[in-house]
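These protein sequence lines are chains A and B, in that order.
Counting with our numbering, you get residues 1 to 160 for the letters of the first sequence.
Counting with our numbering, you get residues 161 to 655 for the letters of the second sequence.
Calculated from the structure, these hints are not laboratory results.
Virtual Cβ for every residue (Gly too), placed ideally from N, Cα, C.
All clues given are correct.
Which bits of chain A does chain B cover? Going by a derived footprint, with three or more residues having C-beta under 8 Å, they are:
{"#": "1", "region": "6-14"}
{"#": "2", "region": "19-26"}
{"#": "3", "region": "51-65"}
{"#": "4", "region": "88-95"}
Derived Cβ-Cβ restraints for the label pairs, each shown as a range:
{"#": "5", "chain 1": "A", "residue 1": "Leu-121", "chain 2": "B", "residue 2": "Asp-462", "range": "21 to 27 Å"}
{"#": "6", "chain 1": "B", "residue 1": "Gln-627", "chain 2": "A", "residue 2": "Ala-115", "range": "48 to 54 Å"}
{"#": "7", "chain 1": "A", "residue 1": "Ser-72", "chain 2": "B", "residue 2": "Gly-475", "range": "43 to 49 Å"}
{"#": "8", "chain 1": "B", "residue 1": "Thr-471", "chain 2": "A", "residue 2": "Glu-89", "range": "36 to 42 Å"}
{"#": "9", "chain 1": "A", "residue 1": "Gln-28", "chain 2": "B", "residue 2": "Gly-475", "range": "29 to 35 Å"}
{"#": "10", "chain 1": "A", "residue 1": "Gln-28", "chain 2": "B", "residue 2": "Pro-538", "range": "47 to 53 Å"}
{"#": "11", "chain 1": "A", "residue 1": "Ser-72", "chain 2": "B", "residue 2": "Leu-427", "range": "34 to 40 Å"}
{"#": "12", "chain 1": "B", "residue 1": "Phe-623", "chain 2": "A", "residue 2": "Ser-72", "range": "41 to 47 Å"}
{"#": "13", "chain 1": "A", "residue 1": "Ala-115", "chain 2": "B", "residue 2": "Gln-572", "range": "45 to 51 Å"}
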Amino acid sequence: MSPKILIVDDHEVVRHGVRSILARSRPQWEICGEASDGKHAIESVLLADPDVIILDITMPGMSGLEAAAEISKLGLRCRILIFTMHESERLVSDLRAVGAHGYVQKSQASRDLVAAVETLLGGGTFFGPTLQSEPSKKKEPGSGPSLGRVFSSFVSLCPV
Amino acid sequence: MSTSRVPANDTFFAAPPVTTFDPSRPGHGVQFYTDDAYLVNALSRFIGTALGAGDAAIVIATKPHREGLAQRLKANGLDTTAAIKKGRYLVLDAAETLEKFMVEGEPDWARFEAVISPFIMSVAELTEGETRRVAAYGEMVALLWEQGKIDAAIRLEELWNLLAEKHVFTLLCAYPIRSFFDDKHSHPFSQICAKHSAVIPGEGYSSLDTEADRLRNVAHLQQKEQSLEAVRNAKNQLEKEMAERIDVERKLRRSEQSLRELSGRLLRMQDEERRRLGRELHDSVGQYLAALKMGLDSLQADTPVKAVRDTSGKGLTACLELVEQSIREVRTISYLLYPPMLEEMGLKTAIPWYLDGFAKRSGIQTTFEITPVFGRLPRDLELAIFRVLQEGLTNVHRHSASTTAHVRVMMQDDTLTVEVTDRGTGIPPAIMESTREAVGTLGVGLRGMNERMRQLGGKLELFSNEQGTTVRATVRCEEISAEAGTSVSSGISAS
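Please construct the entire structure, taking both the sequences and the accompanying hints into account.
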């Protein structure tokens with residue numbers, strides 16, 4: 001039986017991007033459902049019984065973190081992959097605490113997403129590669145060529 | 161008529177000042193006094209002389225004065241008991257007697273006459289000599305005056321004068337001089353004097369022996385009056401200034417209050433605006449950029465290897481770099497505008513997240529300590545605390561030249577304390593000094609921190625010397641969801 005994947009994100013463009021990546025690399029995987037907030041994510045998990053749920057954090061209503069905690073409590077076979085814009089070394093321990101099995105940063109979707117889902121399907125966890133592969137020489141905001149001017153004016157309005 | 165109907169003019173000296181008042185000659189005298197003992201003395205002379213001469217006497221006085229008089233007369237060897245028993249000497253209470261003829265706050269002539277006439281006639285019947293002389297002392301007028309019923313007092317003086325047209329008696333009244341303390345008393349004072357045939361000044365005047373002494377005393381009193389006048393003017397001026405100042409202060413407080421309310425509102429609006437912008441950037445622009453990157457990644461993956469070096473292939477790679485950079489910068493800016501995870505996870509997560517970013521951006525080695533780990537606090541409090549922390553660290557970065565910063569969060573007895581300590585150059589003493597008077601002299605940042613804490617009923621403290629600076633915010637709060645936990649402390653490297 002082909003693995004079932006549930007995609008939860010409040011942005012259709014993001015869900016579309018995820019579908020495309022998965023379809024291109026692993027056409028045999030079944031997208032068993034989609035949801036746009038935490039509450040519907042839980043309902044869909046119960047309904048579709050996915051192998052892996054790809055779960056955004058920041059969503060209207062119930063956040064991905066609350067949903068992850070709830071889903072973990074259900075004791076299903078479903079493995080949870082957090083898929084977020086957020087980036088921090090701190091995040092990993094917070095995610096483990098709510099029962100997530102993996103974490104992929106949205107900007108690294110093309111590189112990490114399939115590998116992460118595959119790892120989770122195989123029973124493993126996926127927390128490492130994203131952070132290790134962050135560019136080591138990090139540019140200061142506003143140092144880029146064309147967007148730099150725009151961002152530097154933003155930054156001047158912000159605290160450090 | 162042998163009594164003392166003096167013209168009711170307004171002149172003080174309508175009745176000449178004398179030092180004693182003879183009870184044997186009909187008249188209406190007024191005695192001013194400072195000291196009760198002095199009055200009792202003068203009164204005992206007046207009544208004692210009359211009784212001693214076998215004349216009749218009526219005393220209408222307050223209890224202390226009646227008792228004082230009785231003691232005094234007794235000490236002078238005069239037995240009043242017999243005179244009282246015989247009915248030649250009548251002693252009445254001033255307040256009780258007064259009440260008998262007052263109608264709607266005014267002495268009523270008909271009742272007055274009905275009350276007082278029988279007394280005078282009855283005692284006059286019982287005199288021992290043939291002259292039927294009656295000496296009367298009354299201080300009901302003084303009672304009225306002291307109650308502020310000045311017009312009633314003057315009216316009663318007039319009623320006594322009217323009564324003197326029907327009966328022959330010698331009347332003495334007395335006023336304590338302390339009753340005439342105000343400018344507004346000067347006219348009624350003259351009126352009172354004008355109702356009498358004899359004015360007996362208080363002891364300050366009467367006790368002087370020679371005319372020269374009295375004149376000197378008058379001159380002295382005039383000087384005193386002048387200097388008192390100056391004092392009074394100065395007092396009036398001061399009172400006026402004081403009233404103006406109080407008014408100005410009240411206005412100042414009001415405007416300060418409205419300024420505070422305004423600044424509080426501005427802070428909240430700024431917070432809300434930043435939150436909206438931050439979340440919008442992160443949740444909307446950021447998501448589109450992420451989706452864009454996925455799309456570009458797919459395009460690149462579809463591009464044949466040999467075409468990657470083409471112009472379009474190079475363009476695609478450049479676009480991808482730009483998108484990546486945009487994502488990073490949108491993330492940074494949104495984090496600065498609104499702390500990530502604050503809403504989702506609270507301070508205990510949001511603070512170390514922020515410190516990670518701060519350490520990277522500023523190159524400042526940051527350590528963090530939280531004792532003990534606590535649960536969620538009210539949302540506005542979490543945000544305010546976070547903003548104070550952010551502001552504090554911004555100051556460390558911009559002004560302290562410190563290479564380290566230590567953040568300490570403590571929760572004890574429902575009191576949350578947040579400290580940011582650096583090892584920098586410290587706040588210049590001149591600025592620290594000025595903060596003792598008003599935090600208003602500080603920069604916008606510290607003022608904002610102070611205002612935020614004040615709005616939450618907390619306080620902000622500043623400690624600084626050449627070894628560094630500590631900013632401490634303290635506020636009372638209650639967890640809205642508890643979390644069991646121990647202390648956590650960690651170092652955040654500036655790598």
